[in-house]
Every structure is written in structure tokens, then in C-alpha cells.
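Student: Given only the sequences and the hints, what does the whole structure look like? Please build it.
From first to last, the protein sequence lines stand for chains A and B.
Residues in the first sequence are numbered from 284 upward in steps of one, following our numbering.
Residues in the second sequence are numbered from 136 upward in steps of one, following our numbering.
Read the hints as simulated data drawn from the structure, not as lab findings.
Glycine included, each C-beta is placed from N, C-alpha and C at the ideal position.
So the derived label-pair ranges between C-beta atoms look like this:
no., chain 1, residue 1, chain 2, residue 2, range
1, A, Thr406, B, Glu583, 18 to 26 Å
2, B, Glu269, A, Gly416, 24 to 32 Å
3, B, Gln163, A, Glu355, 22 to 30 Å
4, B, His628, A, Gly338, 45 to 53 Å
5, B, Gln197, A, Gly338, 44 to 52 Å
6, A, Glu355, B, Lys859, 40 to 48 Å
7, B, Gln197, A, Ser289, 34 to 42 Å
8, A, Gly416, B, Thr868, 44 to 52 Å
DSSO-like mimics (lysine-lysine), calculated; alpha carbons at most 30 Å apart, straight line:
no., chain 1, residue 1, chain 2, residue 2
9, B, Lys198, A, Lys287
10, B, Lys152, A, Lys377
11, A, Lys436, B, Lys152
12, B, Lys325, B, Lys786
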Amino acid sequence: MTIKVSMRVNGKPVSAEVEARTLLVTLIRENLRLTGTHVGCDTAQCGACTVLMNGRAIKSCSIVAMQAEGAELLTIEGVAQPDGTLHPMQAAFKENHGLQCGFCTPGMVMNALDFAKSHPDPTEQEVRESLEGNLCRCTGYHNIVKSIMAGAKAMGGKL
Amino acid sequence: MNSATNASLIGARVLRKEDYRFLTGSGQYTDDVSLPRQSYAAFVRSPHAHARIKSIKTDKAQKAPGVLAVYTGEDLAAAKVGGLPCGWLITDVNGKPMKEPPYPPLARGKACHVGDRVAVVIAETLEQARDAAEKVKVDYEELPAVVDLRKASSSKPIHDIAPDNTCYVWALGDKAAIDAAFAKAAHVTKLDFVNNRLVPNAIEPRAANATYSRADDSYTLYVASQNPHVERLLMTAFVLGLPESKVRVVAPDVGGGFGSKIYLYGEDVVVTWAAKQLNRPVKWTADRSESYVSDAHGRDHLTTAELALDKDGKFLAMRVKTTANMGAYLSTFASCIPTILYATLLAGQYTTPLIYCEVTAVFTNTTPVDAYRGAGRPEATYVVERLVETAAREMKLDPVEMRRRNFIRQFPYQTPVALCYDTGNYEATLDAALQLADVKNFGKRKDESARRGKLRGIGYACYIEACGIAPSNVAGSLGARAGLFEAGEIRVHPTGTVTVFTGSHSHGQGHETSFAQVVADRLGLTIEQVEVVHGDTSKILFGMGTYGSRSIAVGGTAIVKALDKIVAKGRKIAAHLLEASESDIEYDRGQFKVAGTDRKKMFGEVAFAAYVPHNYPLDKLEPGLNENAFYDPTNFTFPAGSYVCEVEVDKDTGATQIAAFTAVDDFGRIINPMIVEGQVHGGLAQGIGQALTEGCRYESSGQLVTGSFMDYCIPRSSDVPLFKVDTRETPCTHNPLGVKGCGEAGAIGAPAAVMNAVTDALGVKDVPMPATAQTVWKHLR
Chain A
284 MTIKVSMRVN GKPVSAEVEA RTLLVTLIRE NLRLTGTHVG CDTAQCGACT VLMNGRAIKS
344 CSIVAMQAEG AELLTIEGVA QPDGTLHPMQ AAFKENHGLQ CGFCTPGMVM NALDFAKSHP
404 DPTEQEVRES LEGNLCRCTG YHNIVKSIMA GAKAMGGKL
Chain B
136 MNSATNASLI GARVLRKEDY RFLTGSGQYT DDVSLPRQSY AAFVRSPHAH ARIKSIKTDK
196 AQKAPGVLAV YTGEDLAAAK VGGLPCGWLI TDVNGKPMKE PPYPPLARGK ACHVGDRVAV
256 VIAETLEQAR DAAEKVKVDY EELPAVVDLR KASSSKPIHD IAPDNTCYVW ALGDKAAIDA
316 AFAKAAHVTK LDFVNNRLVP NAIEPRAANA TYSRADDSYT LYVASQNPHV ERLLMTAFVL
376 GLPESKVRVV APDVGGGFGS KIYLYGEDVV VTWAAKQLNR PVKWTADRSE SYVSDAHGRD
436 HLTTAELALD KDGKFLAMRV KTTANMGAYL STFASCIPTI LYATLLAGQY TTPLIYCEVT
496 AVFTNTTPVD AYRGAGRPEA TYVVERLVET AAREMKLDPV EMRRRNFIRQ FPYQTPVALC
556 YDTGNYEATL DAALQLADVK NFGKRKDESA RRGKLRGIGY ACYIEACGIA PSNVAGSLGA
616 RAGLFEAGEI RVHPTGTVTV FTGSHSHGQG HETSFAQVVA DRLGLTIEQV EVVHGDTSKI
676 LFGMGTYGSR SIAVGGTAIV KALDKIVAKG RKIAAHLLEA SESDIEYDRG QFKVAGTDRK
736 KMFGEVAFAA YVPHNYPLDK LEPGLNENAF YDPTNFTFPA GSYVCEVEVD KDTGATQIAA
796 FTAVDDFGRI INPMIVEGQV HGGLAQGIGQ ALTEGCRYES SGQLVTGSFM DYCIPRSSDV
856 PLFKVDTRET PCTHNPLGVK GCGEAGAIGA PAAVMNAVTD ALGVKDVPMP ATAQTVWKHL
916 R
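Tutor: Below is the structure:
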């Protein structure tokens with residue numbers, strides 16, 4: 284049995300027929316084919332699936348699609364400007380070599396966007412605390428921390 | 136940074152070409168590939184560490200909604216699908232070949248570790264495949280599990296071929312001479328320790344998606360792999376018996392590897408074989424729980440190590456005895472890691488004249504163990520650098536001074552353990568590290584920590600590694616069953632832009648940028664004019680893949696060799712265009728000049744002439760500008776460095792924090808310092824993880840206790856500091872770029888540095904890794 288769910292994703296209305304057990308990340312990746320949102324674990328630890336739901340960073344592997352009924356979602360594909368210009372947080376990751384294999388990167392950026400709204404000039408310690416739910420195996424976090432500090436400053440508290 | 140054609144791109148901090156796609160969600164990893172008529176596979180895995188499979192009932196699963204097929208090991212055997220091969224033959228101390236038990240892609244007769252593949256269910260959707268997998272009924276008869284390395288050789292055999300569960304006993308060195316040296320030593324330092332078992336945990340789980348075309352009887356396998364050509368070679372020649380020309384392997388964007396994606400895995404074989412049976416694409420993606428039980432693990436050594444010294448702290452001899460865990464089967468390169476890539480590194484940076492190493496490799500009912508970032512070299516460095524630091528403390532010598540007394544200073548240097556170091560300057564990296572770490576003020580920082588009730592310790596590690604793997608003839612004489620060269624191709628387009636094809640796969644290392652720098656610099660192009668293609672056997676000549684920090688040293692050199700051919704042909708074309716003698720043409724970064732004149736042709740003009748050969752020496756020269764090269768190195772490269780770690784231990788809780796970490800490395804010439812620093816940071820975090828947070832644990836029945844990110848702690852951002860990193864340069868003498876490789880250094884040097892610091896803080900001889908709060912707390916009591 285399937286259920287119809289509707290929401291706005293990256294500014295566009297979408298709807299899909301899903302099972303009750305379908306995870307939000309499955310809807311994003313398989314139904315909408317927005318494959319920039321990744322799955323790196325099955326225990327809500329790695330944060331690779333992080334998206335913004337109604338402006339807040341959430342792990343899309345840990346809620347079912349039905350819970351996003353009527354929500355406003357932003358995924359990594361919707362972050363750059365329509366002409367392809369990188370968002371200041373994305374640009375900061377590039378400038379500071381804040382990514383290597385790129386797999387955790389969308390989740391890192393999405394989490395950082397939410398964090399930076401309330402932290403326009405964060406300390407290293409604040410950034411590290413904000414990354415509690417995002418795992419990276421490549422960078423040793425060094426350049427991710429620098430990227431988020433620079434990106435947050437560039438955002439000036441605004442998404 | 137945009138590149139300018141007049142400044143050298145070698146050594147420039149060029150921002151990465153690959154970043155845009157990753158930052159916008161446009162990367163394409165294996166699980167992102169969905170094909171028309173896609174089907175999905177779910178594996179039934181053994182819940183037992185060791186069990187006879189009495190029967191497998193698949194009827195209920197076969198009838199479940201959406202199910203297309205259920206296969207077991209017997210189905211594969213009936214179809215003559217072979218077992219997974221091991222790529223390195225180790226010959227034991229008696230001259231006999233190692234024991235190679237059968238490694239079927241799906242278990243036959245019995246399961247040998249938790250997570251062993253027992254059956255596969257393929258269905259229309261992933262959910263249907265997983266639901267049906269639960270309906271496969273396997274009747275197991277549990278057998279006693281071999282888990283403890285110490286008891287493996289006296290336990291009941293896992294495989295008939297190895298009655299004492301021993302794969303091989305291997306040794307390097309003259310034991311009698313070394314025993315004699317120990318008898319005369321003024322001081323002997325001895326350590327017994329475990330080099331803890333690790334789970335690689337690339338954040339992208341393994342995945343494979345195979346499709347078959349009846350039209351031409353060909354296969355395409357998309358797979359999260361570090362070396363698609365080797366995957367194809369092993370799968371076609373040894374397992375499926377197919378012509379390589381009928382199989383295309385694509386490793387698209389790959390989300391980290393760290394060794395775990397080097398190997399040919401059973402899942403890759405099964406989906407490829409099944410794609411033909413069903414005439415449908417079959418996709419499998421591991422969930423993290425599967426990764427923990429099915430990705431090859433790393434390390435897991437039990438070691439006794441001894442160092443003999445004279446009264447002045449000069450090293451006289453080293454004696455090492457190691458038991459290495461192979462796990463339940465031999466993974467692709469398992470056998471060479473604790474031997475060829477371990478014992479040969481035990482000289483470290485020192486002139487120790489006599490070294491003996493004996494390695495017993497045993498089978499256990501655990502997940503197979505193979506290369507993980509550093510692969511044998513972190514284990515060797517841990518032996519050497521823990522011994523050195525401990526010896527210095529025991530002899531009341533400054534550990535830095537003791538190292539200086541034993542450094543190799545003359546190059547080339549032939550070690551007693553087979554390797555010949557071509558170049559290095561160990562004083563230079565050590566001096567730089569001491570300064571950058573502000574070691575002279577350590578006492579003040581220790582006092583300041585003490586005032587806050589914390590114990591502060593300092594530890595050093597001066598590591599060596601052998602990279603640029605490998606001279607094929609040397610590797611072959613040591614048992615390698617494959618060549619270890621690399622291939623590259625430079626395809627110059629008519630307008631002078633270039634596509635580079637390399638067998639060195641990139642899965643985070645930034646080859647698309649650093650390889651483009653090498654090519655753009657030589658040809659006088661901008662970075663934007665050079666595209667680097669990797670990871671597709673249908674596009675790239677050949678490749679041995681990415682591991683052992685070999686990409687720039689071997690893959691990069693193959694590209695340089697191809698560039699040499701491009702320039703040589705360009706010189707002939709330019710001579711014709713300029714009506715000059717070829718010997719008068721000088722070449723520098725994209726300009727062919729007639730010596731002593733201002734007459735010149737730009738690279739783009741020469742390229743255009745090659746493709747529009749209206750004015751061209753067609754009688755002497757083929758049109759076009761496209762060259763291949765294969766490069767087989769003449770020696771290993773020897774990156775080395777000095778690491779200084781400071782830790783702070785909370786006396787009440789045992790919690791240990793890295794207070795500072797300094798790394799000064801010599802990677803030879805550096806193409807892109809930004810990328811190199813990133814590689815060091817990542818390696819350090821993995822090394823710190825091994826030392827402080829990561830420990831793979833099996834309980835006595837062979838159940839994996841640490842089977843998720845909640846139980847097995849890869850470092851989080853708060854577990855590591857901002858690192859202080861720098862480099863010193865002694866260019867490699869035997870490759871044209873002077874490069875050595877940088878991918879594994881951090882993971883090799885960090886564990887010993889951290890543990891030297893922890894033991895210094897606690898004032899104890901040894902603490903086992905990982906030095907978790909609980910472990911440290913116990914040592915404080």
C-alpha cells in the first residue's frame with residue numbers, strides 16, 4: 284500500500300507515492316533522483332544525509348517521508364544560485380579545501396548552513412561542537428572547521 | 136586560483152577542479168547510478184562466526200513479492216564461478232607456498248565469519264529484496280569459533296588445507312647473528328603489544344551495479360573501487376572466466392577507500408554473474424552494518440619486539456616476532472601486508488645493522504584482514520618508534536638525542552631488510568618539527584597543565600615508508616602475482632587542449648587537479664585546458680590502481696613519460712613548421728623555439744598542425760598527437776618525517792586529548808601543497824583514531840561487538856586538534872618529478888607519536904591502543 288506525500292523541495296512542489304516505511308532520504312534519492320544527499324550509515328551517526336527541513340538541519344535517514352508532508356526542503360542541489368554560482372558556504376569549502384572524496388560534503392554543507400544562521404562569527408570550538416553529528420574520514424576535520432568558520436563569516440548570519 | 140602560463144604550476148596551491156561537482160551534489164557515486172530495468176540485491180549473511188551450512192531453503196523467498204532470483208554458493212559452483220584469488224604468494228620459512236583456502240563468492244558447506252555471504256536475493260525493489268532475504272532459511276550447525284590470535288594455531292582448523300590454522304610462517308634476517316648481537320648488548324628493550332584491529336570505514340559504503348548486454352554478450356560493472364582494472368583482471372581471469380574485452384569496469388566517484396576498496400569482493404562477482412542470468416542490471420549497496428562485517432579490516436598484529444643497544448644508545452640489533460591475523464579467508468593482498476610491507480620497514484630511519492623478523496599468519500573466524508591506510512608500515516613504525524622511545528627512557532637518554540645518534544646520514548643506504556633508501560634528510564624534518572612544536576617550552580606547558588590538574592606528555596615518531604609501489608620485478612621475486620606499473624595517456628586535441636587518461640583512480644586525493652598541474656605546467660596550458668579521466672576500463676589503457684601512496688610517483692611518472700613523447704613529436708612538427716633542424720628546437724612550457732632566434736611555434740599551433748596536416752612532414756611522421764606510456768619504477772620511494780604529539784590526560788576520568796600535533800614530512804617535490812596538507816591531516820586523524828578511539832572487538836564466540844558508528848569510534852571533530860604541518864624536501868632521485876607520495880604518512884607516523892606521548896604523560900612503559908578513557912583510567916590506578 285502506498286501513500287501520496289507532497290512537499291516543496293528546492294523551491295518546487297513535488298509529490299510521490301511512497302510506502303509508509305519509506306525514509307525521507309529514499310524519497311529524495313530514489314523518487315526525486317536528487318542523489319547529492321548521501322547515505323553513509325544506518326544509525327543516524329554520519330550526517331551524510333543532512334538536509335534542511337523548514338530551515339532546520341535534519342538527518343533525512345531518520346524520519347519517514349510522510350513526516351515531511353507539507354514541508355519546505357532544501358537539499359544540496361538547491362543551495363547554489365540558479366546560474367550555478369556557489370553559495371558562500373560552498374565557496375568557503377572550495378577555498379579552504381574542506382572536502383576530499385566529497386561523500387560527506389553535502390551533509391557537512393547543509394549542517395553548516397543551519398549552524399551559520401545563528402553563528403555569524405563562530406569560534407573553532409563552536410564549529411567542532413556543531414559537527415558532532417557529521418563524520419568525515421578524509422580531512423581530519425581541519426579544513427572543514429576552517430571552511431565553516433570562513434563560510435559563516437561570509438554569510439553574515441543570513442542563509 | 137587561476138593558473139597563469141608563465142608561472143610554474145608545480146608547487147602551486149591550485150584549488151581543486153573536482154570540488155564544484157561535489158559541492159553541488161552532482162558527484163556520481165556507484166549507488167547514484169540507476170539503470171533502466173534496475174533490480175536490487177540483498178545478501179543473506181551468516182549470523183555465526185563458524186557454522187556448517189546443513190541446508191538452505193529458498194522456496195519462500197523465491198515466491199515473495201517482486202523476487203527475481205535467489206542464488207546460493209551451490210548455484211555459483213554449478214555455473215563454474217571460481218573463488219576469489221589472492222594476489223600475493225608468500226613462501227614460508229621451509230620454502231613451501233602459503234596455504235590458500237578456497238574463498239567462494241557465496242559460502243559453500245560452511246560459513247567462516249559473521250557476515251560471510253551465504254545467499255543472495257534479487258528483486259524488483261530493494262525493499263522486496265531485503266524482505267525476501269529474511270525468508271531464506273539457513274539451517275546452521277554451529278562450530279567452535281577461532282577468535283583469539285594466541286590460540287589460533289592450537290584450535291580446531293577452519294580450513295582443511297591449514298590444519299594448524301596457519302597460513303604461513305615467514306622470516307627475514309639472520310636469526311643466529313642477531314641472537315649473538317643481543318647476547319653482547321649493554322641494554323635490551325622489550326615490548327609486547329597488540330597493533331589493534333581497525334575497520335576502514337570510508338564514508339561511502341561499498342556498492343556494485345552490474346549490467347549485461349545480450350546484444351554483444353558484454354558486461355558493465357559500476358563499482359566503488361580503488362582499482363577498476365585490477366578488479367576486472369581478477370574477476371575475468373580467475374573467477375568468471377570471461378574475456379577482459381567483454382567486461383567494462385567503471386569506478387565512478389568513490390567516497391574514500393583507505394585500502395578497503397582495493398580488493399575484489401564476492402558481492403562484485405555475484406551481481407556481475409547475476410546480471411547475465413537475469414538479463415537485468417543488478418545493484419547492491421552495503422549498509423553500514425554490512426560494511427562492518429564484510430569490508431576487509433586492517434592491522435591486528437600481536438607482537439613481541441626487542442631492541443639491543445650499546446652503552447651509548449647505538450642500536451645493535453632488532454628482533455621482532457609477530458602473529459598476524461588474516462581473518463577467515465585470504466583477501467586480495469592480505470598475505471603481503473604483514474610481511475613484505477612490514478618487515479622491510481623495520482630499519483626505520485636508523486642504521487640498525489641487524490634485524491630479524493618472524494611473522495606467523497593465522498586464520499581466524501573473523502572478517503578478512505588486508506591493507507588499510509599505511510598497510511604494514513604503520514605496524515612497522517609502531518614497533519620501531521615505541522622501542523626507540525622506550526629504550527631512551529630506560530637508558531635515561533633524551534629520545535630525540537637517541538634518534539640523532541642512530542639516524543642514517545649517507546644515501547643511498549642499503550638497509551639490512553632488503554630496501555635501499557635513495558635519499559632523505561632525517562635531521563632536517565626532526566629539527567623543523569622540534570621548532571614548529573616549540574618543544575623547548577614543553578616544560579612550561581606541562582606545568583601549566585599540572586596547575587589545571589592534567590597530566591601532559593610529549594611523544595615523538597620518526598617514520599619511514601616505502602611508497603611508489605612497486606618495481607614489478609622486485610615485487611614479482613617477492614611473490615606478487617601482478618605487475619605494479621602504471622599507465623597514462625595524453626590525448627592532445629586539435630585546438631591544443633588536452634585530455635589525460637590515468638590508471639590512478641582518485642577517490643579524494645585530487646588527481647584531477649594535481650595531475651592536471653603536471654600536464655599544464657609542461658605544455659604551457661591553463662589548468663582549465665586539461666581534463667583528467669580515470670576510473671573506466673573502457674577509456675583508460677590499463678591501470679594498477681591507487682594504493683600505497685603510489686599515484687603521483689608511479690601514475691604521475693607514466694604521465695610525464697607520455698608528455699616526453701608528446702614533446703618529442705611536437706619538436707619534429709615544430710622543426711618542420713619553422714624550417715629548422717630538429718636539433719635546433721628548444722622546448723619550454725608550450726613554446727618550441729629555434730635556438731638563438733625569436734622564431735617560435737606555440738604548443739597549440741603544433742597541435743593544430745598535427746590534426747590539420749596541410750603543411751606537415753607526412754612522409755616521415757604520422758599525423759595526430761596522442762601518446763601512451765607505461766611506467767614501471769626502478770625503486771620504491773621513501774617518504775619520511777618527524778611527528779611530535781602532546782597529550783593532556785584528565786587524572787580523574789582518564790580522558791586523553793591531543794593538545795597539539797606537529798608533523799613535518801619529506802614527500803620529495805610537492806605538486807600541490809594544499810592537497811598534500813589535506814592528505815596529511817586526514818592520515819593524522821586516522822592515526823590518532825587508531826591510538827585513542829578505534830578498536831575492533833570480537834567477543835569469544837566471534838560476534839563483532841563494534842559493528843556500528845555507535846560502537847566503533849572513528850574520530851569526530853572534537854577528537855582531533857588543528858594540526859601544525861610543514862614539509863622539507865629531498866627530491867626522489869629516480870623519478871622525473873622527484874616525488875615520493877603523501878597519502879599514508881599521517882596514519883603511519885601518528886599512532887607511535889600519540890602513544891609515546893600517552894605513556895610519557897602517565898609515566899608507564901606501555902598502554903594498549905586504543906587508549907580510551909577507560910583504558911587510561913585503569914593505568915592511572
